Amino acid sequence: MGNGNGNGNGNGSGEMKKHIIGLLVEDHPGVLGRLTGLFLRRGFNIDTIIVGSTAKPGVSHIVISLRGDDKTLEQLEKQVYKIIEVLKVIELSSGSVIREHCLVKVNSTPQTRQDILTFAQLNKGNVLEANANSILIEIAADPAKIDDLVEALKPFGIKELSRTGINAMLRK
Amino acid sequence: MKGTESILNALIANKTKHMFGFPGGTVIPIFDELLNYEKNLRHILVRHEQCAAHAADGYARASGGAGVCLATSGPGATNLVTGIMTAYMDSSPLIALAGNVPTTLLGNDAFQETDMIGVTLPITKHNFQIRSANNITSTINNAFTIALNGRPGPVFIDIPKDVQMNQVTNEKPTQKLGGFAPVRKGHPEQIKRAAKMILDAERPVIIAGGGIIISNANHELLRIVEGFNIPITSTFMGKSCIEETHPLYLGVVGMHGRKTANYAVGNADIIVAIGCRFSDRITGDVKTFAPEAKIIHIDIDSAEIEKNVRADLPIVGDAKQILTELLDALKAHAKKGKSEWSKKMEKFIKECDCGFDISNNPIDPRKIIHELNKVLAPHDIVTAGTGQHQMFAAHFLKRSLPRTFISSGGAGTMGFGFPAAIGAKVAKPNSEVFDVDGDGSFAMVMQELATCKEEHIKTIPIIFNNSYLGMVRQWQELFHNKRYSGVRLNRTPNFARVADAYGLKGLTVDRESEINKSLKEAIKHDEAVLLDILVREESNILPMFASGTTHTDMFGGCIDAKGKLI
Chain A
1 MGNGNGNGNG NGSGEMKKHI IGLLVEDHPG VLGRLTGLFL RRGFNIDTII
51 VGSTAKPGVS HIVISLRGDD KTLEQLEKQV YKIIEVLKVI ELSSGSVIRE
101 HCLVKVNSTP QTRQDILTFA QLNKGNVLEA NANSILIEIA ADPAKIDDLV
151 EALKPFGIKE LSRTGINAML RK
Chain B
1 MKGTESILNA LIANKTKHMF GFPGGTVIPI FDELLNYEKN LRHILVRHEQ
51 CAAHAADGYA RASGGAGVCL ATSGPGATNL VTGIMTAYMD SSPLIALAGN
101 VPTTLLGNDA FQETDMIGVT LPITKHNFQI RSANNITSTI NNAFTIALNG
151 RPGPVFIDIP KDVQMNQVTN EKPTQKLGGF APVRKGHPEQ IKRAAKMILD
201 AERPVIIAGG GIIISNANHE LLRIVEGFNI PITSTFMGKS CIEETHPLYL
251 GVVGMHGRKT ANYAVGNADI IVAIGCRFSD RITGDVKTFA PEAKIIHIDI
301 DSAEIEKNVR ADLPIVGDAK QILTELLDAL KAHAKKGKSE WSKKMEKFIK
351 ECDCGFDISN NPIDPRKIIH ELNKVLAPHD IVTAGTGQHQ MFAAHFLKRS
401 LPRTFISSGG AGTMGFGFPA AIGAKVAKPN SEVFDVDGDG SFAMVMQELA
451 TCKEEHIKTI PIIFNNSYLG MVRQWQELFH NKRYSGVRLN RTPNFARVAD
501 AYGLKGLTVD RESEINKSLK EAIKHDEAVL LDILVREESN ILPMFASGTT
551 HTDMFGGCID AKGKLI
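Same order as they appear, the protein sequences are chains A and B.
Yeah, the first sequence ends on 172 if you go by this note's numbering, and it's all consecutive.
Yeah, the second sequence ends on 566 if you go by this note's numbering, and it's all consecutive.
Don't read these hints as lab results, they were simulated from the structure.
Everything numeric in this text was worked out from a predicted model, so none of it was measured.
Glycine is no exception: its CB is placed at the ideal position from the N, C-alpha and C atoms.
Where hints are given, some of them may not hold.
Restraint ranges, calculated between C-beta atoms of paired labels, are given here [claimed, not checked]:
no., chain 1, residue 1, chain 2, residue 2, range
1, A, Lys159, B, Arg184, 50 to 60 Å
2, A, Lys56, B, Pro173, 11 to 21 Å
3, A, Ser162, B, Arg184, 39 to 49 Å
4, B, Ser359, A, Lys71, 47 to 57 Å
5, A, Leu32, B, Lys176, 19 to 29 Å
6, B, Leu35, A, Arg67, 52 to 62 Å
7, B, Glu477, A, Lys71, 36 to 46 Å
8, A, Pro57, B, Thr245, 57 to 67 Å
9, A, Leu32, B, Ala110, 20 to 30 Å
10, B, Glu351, A, Leu32, 51 to 61 Å
11, B, His456, A, Tyr81, 37 to 47 Å
12, B, Ala332, A, Gly95, 36 to 46 Å
13, B, Glu537, A, Ile90, 52 to 62 Å
Take these sequences, add in the hints, and give me the full structure.
See the structure below:
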């Protein structure tokens with residue numbers, strides 16, 4: 001029966017907002033596949049996703065940031081919760097500490113080196129490596145702060161940039 | 001204990017008495033072990049793995065328990081896919097087992113290796129790959145727990161061949177699943193609110209979905225309908241949840257639904273939807289769906305609430321439990337007599353009875369259903385394929401007990417009806433099982449006549465043979481200027497002779513006077529009998545509304561008891 005009109009999800013008409021959700025999941029092979037497969041099928045776009053360990057053995061922590069209207073997000077949270085290995089879904093969009101880690105490698109010359117080091121310092125970046133042609137800086141900060149540093153470094157020529165995506169935790 | 005013993009012990013411990021399967025390289029150890037378990041576990045050999053899955057699904061739907069199927073790796077396992085997807089769409093508790101290459105070869109593209117975990121990911125409630133014989137029991141126990149509880153659904157289990165052959169040395173105990181805790185009990189305040197809304201309503205309508213049948217909530221439902229005079233419609237999956245001759249039953253709702261049902265939903269001020277997911281075939285255009293109604297949505301799957309339509313009052317939980325409490329909450333108030341609305345609906349239902357006897361030459365497909373209704377006992381089961389014949393059954397077939405009408409609703413799987421009938425017959429050997437089927441649908445699975453013959457499973461496939469893929473032809477007629485493309489079947493093959501080739505009785509019926517006689521003859525016979533009934537080629541199933549339109553846009557009308565269009 002190949003007739004009829006599709007009416008996909010994730011296309012709610014409400015205001016597109018940035019959301020962050022945290023998941024506690026059982027540390028089994030394939031959990032991430034189940035999760036990303038679900039996002040793909042239901043038409044949700046992930047901005048960032050990180051996975052790591054928790055204090056409890058066998059339980060992993062996943063933080064996802066994405067844009068969507070409230071209705072879409074609510075539907076997504078319910079769908080995610082249906083995955084058997086998902087133990088808990090936590091809304092982290094408000095009332096939480098938000099951090100991201102970034103590594104950036106910038107072109108440097110004897111003329112620009114000092115400026116780069118100054119920008120790094122002013123933006124709370126750490127210099128990890130420096131050689132004749134480049135400087136490697138790390139920064140762990142609010143994502144907007146990372147944006148600022150990246151913007152400041154752009155004129156010097158960014159050779160490589162790697163951001164982890166958002167990590168978050170409720171303040172209380 | 002060997003892995004294979006562990007597998008079969010765990011299946012039996014989870015009440016498996018029958019399984020449907022087809023062997024191959026990576027499941028030979030399991031088939032070998034089956035010989036030692038013949039007394040406790042009957043394996044039914046099908047002729048195509050897809051039918052093993054459909055038969056297990058039909059078994060599950062008829063029995064209310066889980067259905068189990070088994071296939072080899074690679075093509076055997078991928079042949080299960082349509083059946084698993086069908087079970088997934090209709091929330092049926094299917095346990096699908098497949099072999100795989102030994103763990104040492106996994107990921108090497110070894111002979112008949114397929115990543116079935118990846119393949120079945122979007123069409124199962126959950127899936128497992130067992131990598132140690134010690135985990136077999138706990139995994140199978142968990143698979144049954146997941147398949148049967150909450151909103152049921154299929155679970156796929158991948159068992160590499162070495163795991164089957166290894167010894168169980170240190171069996172892992174079955175632990176509670178941390179992330180699986182279906183809500184059963186509805187929120188008491190929400191239930192009280194629902195009771196008040198229902199009592200205050202002027203034009204209430206119940207939409208009963210497949211969830212009523214799954215949770216065995218039909219008695220509670222009936223008490224609410226009768227105690228408070230609420231007209232009731234069902235989704236296609238909810239068909240048979242209430243006696244269909246009940247004066248308040250409006251028929252099936254939706255695109256190919258009854259005019260009575262669609263009228264009631266379109267004009268209701270309160271809709272109580274229970275165990276239904278408001279698919280597009282039910283709602284049409286969601287923006288104009290039930291414009292005047294407040295919607296009370298009861299479902300065990302919270303993700304169904306507000307997925308497709310608004311819910312003014314959601315209640316998450318098991319239908320039987322919630323309806324029991326809702327009934328108590330309603331009883332706190334006086335019984336409600338017949339309202340203007342319920343009287344009007346009763347009158348409408350009577351006028352649009354559809355129990356008419358159409359006489360035509362060539363045979364009108366509705367005539368077959370009319371004759372079938374006459375010979376069916378309440379416990380008999382009718383399955384259906386997908387297409388016009390299925391919708392004729394939805395409209396005109398009258399069932400009175402849950403689990404006596406089985407068809408692929410959400411998936412619309414052609415070829416489901418016949419293997420599902422085989423599964424249903426195995427589950428309910430004392431019921432006659434009829435398969436209302438199309439010439440297109442049946443031809444996809446007709447090799448299962450061999451299963452009926454060899455395993456002594458008596459089914460009665462009834463082919464509505466219009467020599468077309470009728471539903472697509474109907475859409476081409478109505479929406480594509482009669483440009484018929486890829487739909488002509490031209491009465492090939494001769495189905496009665498096909499049955500004959502399998503050593504079974506096949507009857508070709510081309511006069512309506514013979515329908516009743518051939519049905520009775522089939523019932524009397526102790527083997528499967530195929531009825532090939534040649535019907536009018538270009539008959540349409542009407543009324544309907546077109547995709548993306550709404551209930552009040554129905555065309556084609558209904559016919560009253562005298563054959564008059566209303």
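These are the hints, each one checked on the structure:
Distance hint for A:Lys159 and B:Arg184: a CB-CB separation of about 58 Å, consistent with the stated range 50 to 60 Å. Range check, A:Lys56 to B:Pro173: Cβ separation about 20 Å, and the 11 to 21 Å hint holds. Separation of A:Ser162 from B:Arg184 is about 47 Å and conforms to the stated range, judged on CB atoms against 39 to 49 Å. The hinted range of 47 to 57 Å is satisfied by B:Ser359 and A:Lys71, whose Cβ atoms lie roughly 53 Å apart.
Against the hinted window of 19 to 29 Å, the Cβ-Cβ separation of A:Leu32 and B:Lys176 comes to about 23 Å, which satisfies the hint. At roughly 58 Å, the beta carbons of B:Leu35 and A:Arg67 sit within the given window of 52 to 62 Å. At roughly 39 Å, the beta-carbon separation of B:Glu477 and A:Lys71 lies within the given 36 to 46 Å, and the hint holds. For A:Pro57 paired with B:Thr245, a C-beta distance near 60 Å keeps the hint of 57 to 67 Å intact.
The given range of 20 to 30 Å is respected by A:Leu32 and B:Ala110, whose C-beta atoms sit roughly 25 Å from each other. A beta carbon spacing of about 58 Å between B:Glu351 and A:Leu32 agrees with the range 51 to 61 Å that was offered as a hint. Restraint check, B:His456 to A:Tyr81: a C-beta distance of roughly 46 Å satisfies the suggested window 37 to 47 Å. For the pair B:Ala332 and A:Gly95, the supplied restraint of 36 to 46 Å holds, since their beta-carbon distance comes to about 41 Å.
The hint said 52 to 62 Å for the Cβ distance between B:Glu537 and A:Ile90, and at roughly 60 Å that hint holds.
Of the hints listed earlier, there is not a single one the structure fails to meet.
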